[in-house]
Amino acid sequence: MHRNRGSFGRNCTETMSCRWGTELWDQFDNLEKHTHWGIEFVERYTKFVKERSEIEISYAKQIRNLSKKYQPKKNSREEDEYKYTSCRAFLMTLNELNDYAGQHEVIAENLTTHIICELTRYIQELKAERKSHFHDGRRAQQHIENSWKQLESSKRRFERDCKEADRAQQYFDKIDADINVTKADVEKRCSLKARQQAQLKHQVAEDSKNEYLTYLQKFNKEQNEHYYSLIPHIFQKIQEMEEKKIEKVGESMKTYAEVNRKVLPIVSKCLDGMTNAAASIEPTTDTKQVVESFKSGFEPPGDVEVEDYSLSMRRTVSESSYLNSRGEGKPSRSNSRGKLWPFKRNKGSGPEDCSHLPPEQRRKKLQAKINDINKELQKEVDQRDALTKMKDVYVKNPHMGDPNSLDSRLEEIGQNIDKLELDSRKYEAWLLEVETRLADKSDPHRRQSGLYDSNATTPVNNNCAPVNRESPDGSYTEDHSTEHHLKSRSTDFDDDFDDEDPLPTIGTCKSLYPFEGQNEGTISMAEGELLYVIEEDKGDGWTRVRRNEDEEGYVPTSYIKVFFDTNAKGAMTYI
Numbered sequence: 001m002h003r004n005r006g007s008f009g010r011n012c013t014e015t016m017s018c019r020w021g022t023e024l025w026d027q028f029d030n031l032e033k034h035t036h037w038g039i040e041f042v043e044r045y046t047k048f049v050k051e052r053s054e055i056e057i058s059y060a061k062q063i064r065n066l067s068k069k070y071q072p073k074k075n076s077r078e079e080d081e082y083k084y085t086s087c088r089a090f091l092m093t094l095n096e097l098n099d100y101a102g103q104h105e106v107i108a109e110n111l112t113t114h115i116i117c118e119l120t121r122y123i124q125e126l127k128a129e130r131k132s133h134f135h136d137g138r139r140a141q142q143h144i145e146n147s148w149k150q151l152e153s154s155k156r157r158f159e160r161d162c163k164e165a166d167r168a169q170q171y172f173d174k175i176d177a178d179i180n181v182t183k184a185d186v187e188k189r190c191s192l193k194a195r196q197q198a199q200l201k202h203q204v205a206e207d208s209k210n211e212y213l214t215y216l217q218k219f220n221k222e223q224n225e226h227y228y229s230l231i232p233h234i235f236q237k238i239q240e241m242e243e244k245k246i247e248k249v250g251e252s253m254k255t256y257a258e259v260n261r262k263v264l265p266i267v268s269k270c271l272d273g274m275t276n277a278a279a280s281i282e283p284t285t286d287t288k289q290v291v292e293s294f295k296s297g298f299e300p301p302g303d304v305e306v307e308d309y310s311l312s313m314r315r316t317v318s319e320s321s322y323l324n325s326r327g328e329g330k331p332s333r334s335n336s337r338g339k340l341w342p343f344k345r346n347k348g349s350g351p352e353d354c355s356h357l358p359p360e361q362r363r364k365k366l367q368a369k370i371n372d373i374n375k376e377l378q379k380e381v382d383q384r385d386a387l388t389k390m391k392d393v394y395v396k397n398p399h400m401g402d403p404n405s406l407d408s409r410l411e412e413i414g415q416n417i418d419k420l421e422l423d424s425r426k427y428e429a430w431l432l433e434v435e436t437r438l439a440d441k442s443d444p445h446r447r448q449s450g451l452y453d454s455n456a457t458t459p460v461n462n463n464c465a466p467v468n469r470e471s472p473d474g475s476y477t478e479d480h481s482t483e484h485h486l487k488s489r490s491t492d493f494d495d496d497f498d499d500e501d502p503l504p505t506i507g508t509c510k511s512l513y514p515f516e517g518q519n520e521g522t523i524s525m526a527e528g529e530l531l532y533v534i535e536e537d538k539g540d541g542w543t544r545v546r547r548n549e550d551e552e553g554y555v556p557t558s559y560i561k562v563f564f565d566t567n568a569k570g571a572m573t574y575i
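Take 1 as the starting number for the sequence shown in the numbering used here and just add one per residue.
Take these hints with a grain of salt, some might be off.
Below, in silico cross-link-like pairs of lysine-lysine (DSS-like), each with a Cα-Cα straight-line distance of 27 angstroms or less [claimed, not checked]:
| hint | residue 1 | residue 2 |
| --- | --- | --- |
| 1 | K61 | K47 |
| 2 | K237 | K262 |
| 3 | K248 | K262 |
| 4 | K254 | K244 |
| 5 | K83 | K254 |
| 6 | K163 | K193 |
| 7 | K364 | K379 |
| 8 | K510 | K391 |
| 9 | K50 | K295 |
| 10 | K163 | K33 |
Source of the hints: derived by calculation from the structure; they are not laboratory data.
Using the sequences provided together with the hints, build the complete structure.
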């Protein structure tokens, strides 16, 4: 069976080099082990990429958490720190770091999509293909082995039949020799029978020989087809499968590098942003900001005059001394040294006009208070306008509600508006007085000449802040006995609709009942209609909605179901 393997191997080497079907024709088991190892290698590489992706996700999460941890918290002292360029640069660095973390998430996503998922699917296909090829190989091997067994069986049968024919012939020859001697009749009959038996055995042996030759010819043909056609074809497919697998791994490794290279431009921009943030730091600006934050506006104290106790006269304090400028009165011996330091700590909230603060700090405090009052005033005005609209709707549609029920609330809001407007005027007067004093102190010519026009000496109504009540540091005290009520602002109903830029949408709503917007400023809607919400209910029972670019107005909040969009960015879209 295998007598020609040596010459067969040499011929294959000369004619078809580097072909598994010819070079490895007798290495079926080793090829099966090698291809199994190849699949395990692809699975190991896939696991490596998966773990790298998990590391990238974990790293990105930790970077995002770190950036979030050091972001300034709302309504905290950290927000005030970001008026300095170094703190703003740090905030920019945190934002760039957050974008940098996003690129690592991109790496993880691309590794999962382009390598992990792709190789996982390919491994399943590879296993199925390998199983099919080796199944064909084992079937071919089984067939040639069965053919070899048939040949061996026919050969053994041929050998047995030949031996039996020889024994029969020898027995006949022996009897025939005995007959020639005795010439007995009985022996003649035995000789004839032995002759017939020998001839029969020779015929059987001849048939076995023909059968053996047939199986031998068949086996040689099948063996030639097996080693020159079937096995080379199957092994060639396995080789192609292996080469494709190796090429797939190479492509995956290339993709692995490209995924990392793809984010480098954006990572580089993030690093450039951090560099630019560092370059934006201005030390002189930060030190100037310290002056703006803590400047008191006081002038340094003058020389302390001699107090001669040997003279029988009342001790006086120089007008140029700091004690006099602070209006401290007569300092005792025990605390006179401590009083020379101008930056003292104030306990408690202090008077309403902030006259306990240094001029610069007082100006900033008053300005902040005015801003807060204006915000509250705008809220009250908006609420009054909304209630006015609601009352007008109730008047025209009595079934919707009693318009008189809103009078008490409107009166209360009107009183609040009057009070806030009065407070605003009051704080504005104090602010103007402080700013005037600071301007006078910063102008040496005006300070020396003492020339003040009437507007400078009386910048506001005396009922709010009389000038003759000033304190030594430029502050003054309010005279509450002469306050007067200010006229409240009148706001038309349609002020909210006169904006040049349309309000952004903040959600959608669906009408639960039909509504006929007959009053100016309202909008009609049908039951089940979808509208865009552009202003939520501020407590007055009305919601502002938009149908399209030209149709918007107020509808009763109880008539609709609102769906706020938490991700809305102000994009204008219309149904």
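Each hint tested on the structure:
1. Between K61 and K47 the CA atoms are separated by roughly 21 angstroms; this keeps the pair inside 27 angstroms, and the hint holds.
2. This hinted pair does not check out: K237 and K262 have alpha carbons roughly 36 angstroms apart, beyond 27 angstroms.
3. Under the criterion of a C-alpha separation no larger than 27 angstroms, the hint pairing K248 with K262 is consistent with the structure, at around 20 angstroms.
4. For the suggested pair K254 and K244, the alpha carbons sit about 15 angstroms apart, so the restraint of at most 27 angstroms is met.
5. The hinted pair formed by K83 and K254 fails the criterion: a straight-line CA distance of about 48 angstroms is larger than 27 angstroms.
6. With a C-alpha separation of about 19 angstroms, the suggested pairing of K163 with K193 holds against the 27 angstroms cut-off.
7. Our distance criterion of 27 angstroms between C-alpha atoms is met by K364 and K379, whose separation comes to about 23 angstroms.
8. With a C-alpha separation of about 24 angstroms, the suggested pair K510 and K391 falls inside the 27 angstroms cut-off, and the hint holds.
9. With a CA separation close to 59 angstroms, the supplied pair K50 and K295 exceeds the 27 angstroms bound.
10. For the proposed pair K163 and K33, the alpha carbon gap of about 47 angstroms is over 27 angstroms, so the pair is violated.
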